[in-house]
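A.B. asks: Those protein sequences? They're chains A and B, same order as listed.
Position 88, counted from 1, in the first sequence is what this note's numbering calls 88; the numbers after and before it change by one each time, with no gaps.
Each number in this note's numbering comes from the position in the second sequence (counting from 1) with 364 added on.
Derived by calculation from the structure, the hints in this document are not laboratory data.
Don't be surprised by glycine CBs; every beta carbon is placed ideally from N, CA and C.
Any given hint could be a false lead.
[What the hints assert, rightly or not] Partner residues are not named here, just some residues of chain A that face chain B (Cβ under 8 Å, in silico):
no., residue
1, P74
2, H80
3, A101
4, K105
5, K179
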Amino acid sequence: MHNPLIEIKNVSKAFDGFSILKNVCFSVYSGEFLTLLGPSGCGKTTLLRLISGFETPDSGDILIEGKPTAHVPPQNRNLHTVFQSYALFPHLSVFENVAFALVCKKTPPTEINTRVHEVLALMRLEPYAERNIKQLSGGQQQRVAIARAIINRPQILLLDEPLSSLDYRLRQSMQYELKQLQKKLNITFIFVTHDQDEALSLSDRIVVFNQGEIEQIGTPREIYETPNNLHVATFIGETNIFDATVSHCDEENLYTVIDGIDIQCKRCNDFKTDDKLHLIVRPEDIRVQNVSEVSDTRGKLPGKIIDIVYKGTTVDLKVELSSGTIINASEFFNEDDDELEFSLNEPVWAHWLKGWEVLLPYEK
Amino acid sequence: MKNKSLSIKLLYTWFLCFAFIPLLLIVVTSFLSKDAVHLVKLPFTLNNYAVLFTPLFMKIFIRSLLISTITTLVCLLLAYPFSYILIKSKIKTHLLLMIMIPFWTSSLVRTYALLSLLKGNGILNTLLIKIHFITNPLNLLYTNFAVISGLVYSLFPFMVLPIFNNMERFDFKIMEAARDLGAGPLDIFFRVFLPNTKKGIISGCILVFLPAMTLFYIPNILGGARSFMIGNLIQSEFLEMSDWPQGSATSIGLILIVLIFVYFVRFRGKKQ
Chain A
1 MHNPLIEIKN
11 VSKAFDGFSI
21 LKNVCFSVYS
31 GEFLTLLGPS
41 GCGKTTLLRL
51 ISGFETPDSG
61 DILIEGKPTA
71 HVPPQNRNLH
81 TVFQSYALFP
91 HLSVFENVAF
101 ALVCKKTPPT
111 EINTRVHEVL
121 ALMRLEPYAE
131 RNIKQLSGGQ
141 QQRVAIARAI
151 INRPQILLLD
161 EPLSSLDYRL
171 RQSMQYELKQ
181 LQKKLNITFI
191 FVTHDQDEAL
201 SLSDRIVVFN
211 QGEIEQIGTP
221 REIYETPNNL
231 HVATFIGETN
241 IFDATVSHCD
251 EENLYTVIDG
261 IDIQCKRCND
271 FKTDDKLHLI
281 VRPEDIRVQN
291 VSEVSDTRGK
301 LPGKIIDIVY
311 KGTTVDLKVE
321 LSSGTIINAS
331 EFFNEDDDEL
341 EFSLNEPVWA
351 HWLKGWEVLL
361 PYEK
Chain B
365 MKNKSLSIKL
375 LYTWFLCFAF
385 IPLLLIVVTS
395 FLSKDAVHLV
405 KLPFTLNNYA
415 VLFTPLFMKI
425 FIRSLLISTI
435 TTLVCLLLAY
445 PFSYILIKSK
455 IKTHLLLMIM
465 IPFWTSSLVR
475 TYALLSLLKG
485 NGILNTLLIK
495 IHFITNPLNL
505 LYTNFAVISG
515 LVYSLFPFMV
525 LPIFNNMERF
535 DFKIMEAARD
545 LGAGPLDIFF
555 RVFLPNTKKG
565 IISGCILVFL
575 PAMTLFYIPN
585 ILGGARSFMI
595 GNLIQSEFLE
605 MSDWPQGSAT
615 SIGLILIVLI
625 FVYFVRFRGK
635 KQ
């Protein structure tokens with residue numbers, strides 16, 4: 001890949017002796033949509049503030065275009081932030097809010113006028129130009145915050161949970177708009193969120209944080225399908241976790257035992273005989289069948305249905321296995337299987353296709 | 365509902381009895397003539413108002429305006445940074461209390477305290493001579509300086525409180541946003557902080573300017589003949605000269621000046 005736009009090198013930060021970021025390293029490439037994902041208080045907002053220059057790292061370096069930024073104040077960095085609470089100027093109109101960065105740069109008024117109207121049109125805010133900020137809805141304020149941050153054509157846009165205060169539907173449409181905007185403007189987006197759906201649907205790459213450390217960096221697909229550890233697996237999407245033991249391996253397969261039942265898995269070199277491991281299967285990968293439909297019960301786990309939730313495109317089942325473990329399974333409706341009729345307490349077999357599982361080293 | 369209308373009626377009655385009727389009496393009195401025995405007598409005359417435009421009266425009006433304006437500006441220049449420091453401090457409520465507590469004692473007593481501070485052999489002069497800053501005591505008392513000091517000292521909290529209140533509600537996140545958008549320190553102050561604390565400044569200026577124009581005991585105690593203000597004028601007209609009609613006309617003049625000031629500061633300021 002080409003040279004990184006931002007390099008975060010061994011960055012650490014502590015507040016009042018409490019460590020927030022621990023030796024964080026990663027790079028951001030030009031034009032990408034990168035998401036910092038993690039639970040609240042994991043240090044992702046702090047990292048954003050370090051990049052924007054509002055905080056300085058205790059140790060380590062942040063390089064933008066290869067240049068160290070330690071002594072560059074926020075106003076001299078070619079990046080702008082969309083704040084979580086928007087932080088719009090309450091005493092200025094929509095137009096004046098958007099024009100702010102240009103006014104500070106002493107841009108000639110005619111140029112300010114054309115550029116602000118351009119951005120207002122882009123954000124579909126034209127009719128509100130003269131409105132007061134307090135007269136706008138949450139979604140409109142959000143748009144003003146974005147318009148204000150892109151007016152200066154920054155290289156990098158930092159977004160600190162920008163959608164968290166919008167309602168579900170508005171958030172969905174803003175997600176789409178953000179993605180379109182990023183493509184159109186070709187600005188590098190660094191997006192902070194604790195919402196894994198948002199991260200999966202928007203990002204080119206995701207950096208998963210937990211307690212100030214990076215757990216995994218990868219594309220949404222890599223993060224979802226091959227999580228690095230238990231935390232990533234459980235934080236992103238729904239998961240079923242089985243504790244299993246390796247019984248033996250051969251050329252292609254790894255044989256594990258879950259609650260006394262032999263399960264054939266795809267070979268993985270990380271494990272050897274008698275190792276304990278976590279076996280992770282996503283609910284949509286689990287197939288649930290009535291006992292009467294199954295003749296070959298090898299590699300299948302017996303249980304009974306204890307909950308059925310109809311979701312439109314799927315039926316979400318909770319299955320209590322004979323060992324007492326409760327697993328989640330999402331069954332999709334499709335044309336060759338019209339028998340998706342389940343009833344409570346129905347005895348079933350649950351299984352998944354070999355290779356759809358993820359094997360992780362045993363933790364705890 | 366009934367209770368509410370009752371309380372509003374009570375309020376109106378209160379205003380009628382203790383604000384409107386007295387004001388009306390002053391207005392009526394201002395058009396009457398002076399009488400040595402009955403205080404006022406007929407006929408109606410405009411003469412009392414004509415007197416207001418004589419050079420002597422104009423001089424006192426202008427001096428009062430100047431002293432009050434300087435007092436207001438000094439209060440503002442002190443209170444604005446002071447409030448900011450207060451907001452940023454971790455013990456702001458304690459610090460605010462420390463300004464408030466002295467004001468629970470009589471302001472007359474505090475003005476006399478200032479007198480002993482400023483007089484020829486007072487604390488300030490003694491101190492300045494001790495540190496060899498001056499050789500002869502300064503003539504501080506009975507000057508406009510003393511009056512302004514007294515007014516600033518007495519009215520300072522009325523400037524601090526509205527500004528403090530306003531700044532406390534200010535969202536400091538937007539200063540960060542301004543910085544993020546490329547604003548330097550001057551831009552942040554003049555384009556963001558000042559406009560957002562303007563309301564506090566306006567309230568503070570009104571709360572300081574109005575009493576500064578009308579207080580009479582501070583210029584009385586600390587000022588000499590050259591710092592005679594409208595308040596003193598009204599006082600002497602009523603109490604020393606027993607010229608109630610002239611005193612009333614002067615009061616009406618003061619009320620008009622104050623109304624014009626409030627109109628310009630408050631309503632013109634809001635329109636912008």
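A.B. asks: Now tell me, hint by hint, if it's right for this structure.
C.D. replies: Evaluation of the provided hints:
no. : hint : verdict
1   : P74  : holds, 5 Å
2   : H80  : holds, 6 Å
3   : A101 : holds, 4 Å
4   : K105 : holds, 6 Å
5   : K179 : violated, 23 Å
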